[in-house]
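Here the protein sequences line up with chains A and B, keeping their order.
If you count the first sequence from 1, position 5 lands on 5 in this note's numbering, and the numbers rise without skipping.
If you count the second sequence from 1, position 49 lands on 256 in this note's numbering, and the numbers rise without skipping.
Bear in mind the hints are in silico, worked out from the structure with no lab data behind them.
Just so you know, even glycine gets a beta-carbon here, dropped at the ideal spot from N, CA and C.
The reader is advised that the hints may include incorrect statements.
Take a look, some chain B residues computed to stay more than 10 Å from chain A by CB distance [to be verified]: (1) Ser223; (2) Glu239; (3) Glu282.
SDA-like, lysine to any residue: derived pairs with alpha carbons at most 25 Å apart [said to hold, decoys possible]: (4) B:Lys209 to A:Leu83; (5) B:Lys209 to A:Leu95; (6) A:Lys5 to A:Glu184; (7) B:Lys209 to A:Glu184; (8) B:Lys209 to A:Arg92; (9) B:Lys209 to B:Leu244; (10) A:Lys5 to A:Lys17.
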Amino acid sequence: MARLKVSPTRSSLLRLKKDLAMARLGYTLLDRKREVLTMNLMHMAHDAEAVQRQVDELLAEAYAALRVANLTMGREMVDWASLATVGQAEVRVLLRSIMGVVVPTVELQGEPPALAFGLGDTTAGLDEARRKFRQVLELLPTLAESVSSVWRLAAELQRTQRRVNALEYLFIPQYDETVKFIEESLEEKDREERFRLKRVKSLTAEG
Amino acid sequence: MKLHVIGDPDAVLGFSLIGLTGQVALSAPEVEEALELAARNPEIGVVFITERAAALAPEALDSYRRSNEGPIVVEIPGPEGPLASRLALRDVIARATGVRV
Numbered sequence: 001m002a003r004l005k006v007s008p009t010r011s012s013l014l015r016l017k018k019d020l021a022m023a024r025l026g027y028t029l030l031d032r033k034r035e036v037l038t039m040n041l042m043h044m045a046h047d048a049e050a051v052q053r054q055v056d057e058l059l060a061e062a063y064a065a066l067r068v069a070n071l072t073m074g075r076e077m078v079d080w081a082s083l084a085t086v087g088q089a090e091v092r093v094l095l096r097s098i099m100g101v102v103v104p105t106v107e108l109q110g111e112p113p114a115l116a117f118g119l120g121d122t123t124a125g126l127d128e129a130r131r132k133f134r135q136v137l138e139l140l141p142t143l144a145e146s147v148s149s150v151w152r153l154a155a156e157l158q159r160t161q162r163r164v165n166a167l168e169y170l171f172i173p174q175y176d177e178t179v180k181f182i183e184e185s186l187e188e189k190d191r192e193e194r195f196r197l198k199r200v201k202s203l204t205a206e207g
Numbered sequence: 208m209k210l211h212v213i214g215d216p217d218a219v220l221g222f223s224l225i226g227l228t229g230q231v232a233l234s235a236p237e238v239e240e241a242l243e244l245a246a247r248n249p250e251i252g253v254v255f256i257t258e259r260a261a262a263l264a265p266e267a268l269d270s271y272r273r274s275n276e277g278p279i280v281v282e283i284p285g286p287e288g289p290l291a292s293r294l295a296l297r298d299v300i301a302r303a304t305g306v307r308v
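Kindly produce the complete structure, drawing on both the sequences and the hints.
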C-alpha cells in the first residue's frame, strides 16, 4: 500500500492521527448504513417480486381481452371509446426517507372514471377489457411503490458500498501505513539524537 | 397526481379505457422524448413504460429509476408478455450487494 507524501514531523503525525480517527468513525457509520439498507432491500424485494408476478398475469389477461375487443368492434371504435372516458385515475404519492433515500408511498385516490360511452356502440368484449385493465390499475400503485423502492435503495446501497470499500481498502490502510512510517522515523531521529548527545558527552569528558 | 403510460399502442389504448394518459413510443428517440415530457410534467406522478420501449432507451430509463427525484418510472410487460431481458429484482439487489438472495 502506497504511503502518503508527507514530511515525517510530529505535527503531521498529529494531523494524520486525527484524520484516521475520523475515517474510522466514518467507516463504522457507513457500514451500519449499509446494513440497514441491505435489510430494507431484502425485506422489500420479496413483496416487490410477488406484486410484479401478479401484475404480469393480470396484464396478460387484460391485453388478451383488449385484443378481443379490437377484433369484435374494430380498433377504431375502441379508440373512440377511450376518448369518451371521462376523468382520470389519480394517485397520491407520499415520500418518506430510509437512510436518506427517498422512498415513495403510492395510493389510488378516488374512484376510477366511470363508463361514459353508450351501450349501443360497444360490445361485451370492451367491457371485459375495461374490467381487466381496472384490476391491473388496482395493483399499479403497489407495483410502482415497491419496484421503485428496490431500485432506489439498490442504487444507494451501491454508492455506500463503494464508499465503505474506499475507506476500508484504500484510505485507512494508506493512513495507517503513513502513521506507522512517521512514528518509526521519529523514533529513529530520537535514537540518533541520544547517540549524538552521548558521543558529545564522552568527548567533552575526555577533553 | 396522474398515472402515465409510455410505449406500446395496445398498452396505451388499454389503460386509456380506464382514464390513464399515455404516449405511444416505438423508437429510441420517441421513448426518450416521451420520458422527458413526462418528467417535466409536474402532474405526472408515476410513469409506466412497456418493456420493449424501456429496452430502447436503457440509459434514460436507468437515470430516472435510480434518481430520488422526478416521477417514479416502472416497467410493465407489453402485449408480448414479460421479456426475458427484464432485469429481475433479485438481480438488481445482487448487483448492489454482491450477494445472491
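Outcome of the hint check:
Against chain A, the non-interface label of B:Ser223 is violated: not every CB pair exceeds 10 Å, the least being about 4 Å. In this structure B:Glu239 is separated from chain A by more than 10 Å, as the shortest Cβ-Cβ distance comes to about 19 Å. With a cut of 10 Å on Cβ distances, B:Glu282 falls inside the contact zone with chain A, its closest approach being about 8 Å. A threshold of 25 Å between alpha carbons decides the hint, and for B:Lys209 with A:Leu83 the separation of about 17 Å falls inside it, so the pair holds.
For the hint pairing B:Lys209 with A:Leu95, the CA-to-CA distance comes to about 16 Å; that is within 25 Å, so the pair holds. Restraint check: the Cα-Cα separation between A:Lys5 and A:Glu184 comes to about 15 Å, which is no more than 25 Å; the hinted pair holds. Restraint check: the Cα-Cα separation between B:Lys209 and A:Glu184 comes to about 66 Å, which exceeds 25 Å; the hinted pair is violated. Straight-line distance between C-alpha atoms of B:Lys209 and A:Arg92 comes to about 9 Å, which keeps the hinted pair within the 25 Å bound.
This hinted pair checks out: B:Lys209 and B:Leu244 have alpha carbons roughly 14 Å apart, not beyond 25 Å. A threshold of 25 Å between alpha carbons decides the hint, and for A:Lys5 with A:Lys17 the separation of about 15 Å falls inside it, so the pair holds.
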